[in-house]
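First to last, the sequence lines map onto chains A and B. Be aware that the first sequence starts at 1, since it is given in this note's numbering, and climbs by one per residue. Be aware that the second sequence starts at 1001, since it is given in this note's numbering, and climbs by one per residue.
It cannot be assumed that every hint is accurate.
[Said to hold, decoys possible] List time: in silico DSSO-like cross-link candidates among lysine-lysine, alpha-carbon distance up to 27 Å: (1) A:K102 <-> A:K117; (2) A:K117 <-> B:K1069; (3) B:K1117 <-> A:K117.
Treat the hints as calculated values from the structure; they're not laboratory data.
2 protein chains.
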Amino acid sequence: MSVEQEVLDANQNFYQAFNRGDLALMQSVWAQHDSVSCIHPGWEVLRGFDAIISSWENIFVGSENLEIKLSDILVTGAKGMVWVSCQENLFAMSMSGVQVSKVHATNLFEQVEGQWKMVLHHASSVPQLSRQEQINTN
Amino acid sequence: MSVEQEVLDANQNFYQAFNRGDLALMQSVWAQHDSVSCIHPGWEVLRGFDAIISSWENIFVGSENLEIKLSDILVTGAKGMVWVSCQENLFAMSMSGVQVSKVHATNLFEQVEGQWKMVLHHASSVPQLSRQEQINTN
């Protein structure tokens, strides 16, 4: 399997963990360094495996109606470290319809004992967020 | 010189280029790949050296009254690729005083022919932005 495909799979596992609210899978995605970092949109930076997993645990409590579909995926890197740049299209389902928010993510992976592990997730809203599409399902 | 110090110097050159509006220095900071990426706070992602340098050229036209001072600087990485996580404290000087905005930046560097070159700048507002400190200089 090519490095690009391996990293895309690791990236896919990250979003599958989010979409399923699967904490064990989320734990397996991240490198267990103190210096791993996670920036949720509009949050302060979180550092260290424990703080990051704890934040996902809290997020998963209220995320049953959220789903991320990716677009604009680009894999770049060299020499044992690779990052994925992608757009997160976040679908929020509610009684009144579906809201779509757009977030830009930088996901950095490092090769740890032959496996690609996430060492940085930096996510931030893109301008469209203020002009959220409303897809009325009524 | 340690890798950490070399990367901190490269990171410092990036912010010196901004604070001085020095386009030649900004050009020297970046790797000249098509896949380099830059995300200014709230902007769409820019890809490629030319698009990124062009954006800085436009930003520098109106940035004489802007200055960035860094805090919370952390250098992390391995194997030819290193990233700097830092908080940009952006000071905007005007007649009515000084406004401080806080931005979180991920700056990723790759070693190119012995020199550390920026391959990614991802900057996004942190929550304090909506509660901007007002330092009245009157």
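For each hint, the structure was consulted:
Annotation: proposed proximity of K102 of chain A to K117 of chain A holds, straight-line Cα distance about 24 Å (limit 27 Å). Under the criterion of a C-alpha separation no larger than 27 Å, the hint pairing K117 of chain A with K1069 of chain B is inconsistent with the structure, at around 32 Å. In summary, the hint linking K1117 of chain B to K117 of chain A is supported, as the alpha carbons are separated by about 23 Å, within the 27 Å threshold.
Checked against the numbered hints given earlier, this structure breaks only hint 2.
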